[in-house]
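For reference, the chains in residue letters:
There are 2 protein chains.
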Amino acid sequence: METVKRTRMSPEERRAQLIDLGARMLAERPLEQISVEEIADQAGVSRGLLFHYFATKHDYHLAIVQHAGAEMLARTEPDQTLPPLEILRSSVVAYLDYVSDNRNSYVSLLRGAASGDPEMREEFDRTRSALAARIIDQLPRLGIEPDDRIALAVRGWLAFVEETAISWLREPVISRGELIDLIVTALPAVTLPASVAAALLSQG
Amino acid sequence: METVKRTRMSPEERRAQLIDLGARMLAERPLEQISVEEIADQAGVSRGLLFHYFATKHDYHLAIVQHAGAEMLARTEPDQTLPPLEILRSSVVAYLDYVSDNRNSYVSLLRGAASGDPEMREEFDRTRSALAARIIDQLPRLGIEPDDRIALAVRGWLAFVEETAISWLREPVISRGELIDLIVTALPAVTLPASVAAALLSQG
Chain A
1 METVKRTRMS PEERRAQLID LGARMLAERP LEQISVEEIA DQAGVSRGLL FHYFATKHDY
61 HLAIVQHAGA EMLARTEPDQ TLPPLEILRS SVVAYLDYVS DNRNSYVSLL RGAASGDPEM
121 REEFDRTRSA LAARIIDQLP RLGIEPDDRI ALAVRGWLAF VEETAISWLR EPVISRGELI
181 DLIVTALPAV TLPASVAAAL LSQG
Chain B
1 METVKRTRMS PEERRAQLID LGARMLAERP LEQISVEEIA DQAGVSRGLL FHYFATKHDY
61 HLAIVQHAGA EMLARTEPDQ TLPPLEILRS SVVAYLDYVS DNRNSYVSLL RGAASGDPEM
121 REEFDRTRSA LAARIIDQLP RLGIEPDDRI ALAVRGWLAF VEETAISWLR EPVISRGELI
181 DLIVTALPAV TLPASVAAAL LSQG
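Protein chains in written order, with my numbering: chain A, 1 to 204; chain B, 1 to 204.
These are calculated hints, taken from the structure and not from any lab test.
Take the hints with a grain of salt, since some may be wrong.
Label-pair ranges, simulated between beta-carbon atoms [unchecked claim]: (1) B:P172 to A:E178: 31 to 39 Å; (2) A:M9 to B:H67: 54 to 62 Å; (3) B:E71 to A:M9: 53 to 61 Å; (4) B:R141 to A:E178: 20 to 28 Å; (5) A:G177 to B:E145: 17 to 25 Å; (6) B:D59 to A:E86: 50 to 58 Å; (7) B:F51 to A:E178: 45 to 53 Å; (8) B:R24 to A:P11: 51 to 59 Å; (9) B:R47 to A:P30: 32 to 40 Å; (10) A:D125 to B:D20: 30 to 38 Å; (11) B:D97 to A:P30: 36 to 44 Å; (12) B:R47 to A:S46: 41 to 49 Å; (13) A:G177 to B:S202: 26 to 34 Å; (14) A:P11 to B:G177: 50 to 58 Å.
Ideal placement from N, C-alpha and C gives every residue a C-beta, glycine not left out.
Isolated chain A (complex conformation):
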C-alpha cells in the first residue's frame, strides 16, 4: 500500500499552496503546460480536490496569473521615502528585476497564447491599470497635474516599457543601466512639454 504524505491545511492555506505551486511552475514553462495532475501530485492531493478549489483548469490558470500580477505589483511598490524621480527609478529597477527573474513566464504570458484569451487579457489589463493609477498618483510630486491627455500618455508609456523590456530580454542589445535610463527618462518625456521635461531631468 502506498503512503501519500498529506498535510492538514485550512481551505485558504490549501488554495494558496496550489496557486503558489503553479506560480513556481510558471517560472519554468508556459502556462498552457501547467497540468493540474502534476500540481495535485506535488501538493499530495487528489485531482478532485484541486477542482474543488478551481472549477476548471482555466480558472486555475487565471488564479496563477492573478497571483503573478499581484507579486509584480508588490515588488514594484514605490518607496515613498525617496525623492520623486528616484521613486520612479527604483520602481523601474524592481520591475526589470521581476521580469528578469521571470523572463520565460513574463514573455510567454504577454506575447504567447495566453494573450489571445479574453479573461487573461482582462487580468493583464487590471495589473496595467493598477500600475497606471500608481504612477498618476505620484505625478503631482513631480509637479505634473494629471489630466486625460497625461493619463493616456501614461498607458502608452507602460506599453513602451513592456515592449522595450521584452525586446531587451530576447536580445539585450544595450546594457541594463542604459535600458533603465531609457525607460525612466521616457516617462516625463512623453507626459510633459519637451522644455519642462528637459528642466526636470537636468535637476534629476
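Chain A is fixed; fit chain B onto it per the hints.
What follows is chain B alone, placed relative to chain A:
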C-alpha cells in the same frame, strides 16, 4: 436550375479577389467570424476552389491579415517632399485615419483572439518591423544617428502609438489633434536627450 454568375479570372486575380473580399468583411466583423462559405458565395466560386488557393481557413485568414498590414504600410508611406518633422506628422495622421477607418478590425486583431496565434503575431511583428525600419531610415534627416538604444526606443514608441491609439478609439478622452501631437512629440522625446528633443520640437 440555378444560375451562378461566374467571372473568368486568372489565378492571380482570383486569389486577389478572395483576399479583397475577406479584407472588406474584416472591416465589419472579427477575423474569427469570416467564413470561407460566405466568401466563396460572394465570389461566386465553390468552397473547394477557395481551398485550392488557401490550404486551410487559417491560411486564408493569414492572407487577409498580410493584406491589411500591407495596406497600412502603403497608406502611411512617408511623403519625402515634406520637412522631416512634417513627414512624421503626416504619417501619424495617415495611421490614425487608417485605424479610424478600420477600428473594429484593428482593435480585434491586435487585442483579440488573433493576438494569441503565433503566425498572426509574426505577421503583426513583420508590419511593426517594417514601420520601425522606415522610421529609423528617416532619423538622420532629423539629425539623429540611429544606434541600438534608439532602435529599441523606436520599437517602444510603436507600442506607445498602438496603445494610445487603441485606448483612444475605445474612449476618445482627448481630441484627435491632441492625440496627433502626443504621438508626434513622443518620438523625439523618447529617442533623444531631453534638451535636444526640446530644441528640435521648438524649431517646429
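Now the hints, each set against the structure:
1. B:P172 to A:E178: 31 to 39 Å: 36 Å, holds
2. A:M9 to B:H67: 54 to 62 Å: The hint (54 to 62 Å, Cβ to Cβ) holds, given that M9 of chain A and H67 of chain B are roughly 55 Å apart.
3. B:E71 to A:M9: 53 to 61 Å: For M9 of chain A against E71 of chain B, whose Cβ atoms are near 57 Å apart, the range 53 to 61 Å holds.
4. B:R141 to A:E178: 20 to 28 Å: 25 Å, holds
5. A:G177 to B:E145: 17 to 25 Å: 21 Å, holds
6. B:D59 to A:E86: 50 to 58 Å: Since the Cβ atoms of D59 of chain B and E86 of chain A sit about 52 Å apart, the hinted range of 50 to 58 Å holds.
7. B:F51 to A:E178: 45 to 53 Å: 50 Å, holds
8. B:R24 to A:P11: 51 to 59 Å: With a Cβ separation near 54 Å, R24 of chain B and P11 of chain A satisfy 51 to 59 Å, so the hint holds.
9. B:R47 to A:P30: 32 to 40 Å: 35 Å, holds
10. A:D125 to B:D20: 30 to 38 Å: Hint holds: Cβ distance 34 Å, inside 30 to 38 Å.
11. B:D97 to A:P30: 36 to 44 Å: 38 Å, holds
12. B:R47 to A:S46: 41 to 49 Å: Roughly 47 Å apart at Cβ, these two residues keep to the hinted range, so it holds.
13. A:G177 to B:S202: 26 to 34 Å: 30 Å, holds
14. A:P11 to B:G177: 50 to 58 Å: 55 Å, holds
Every hint from the earlier list agrees with this structure, and none is contradicted.
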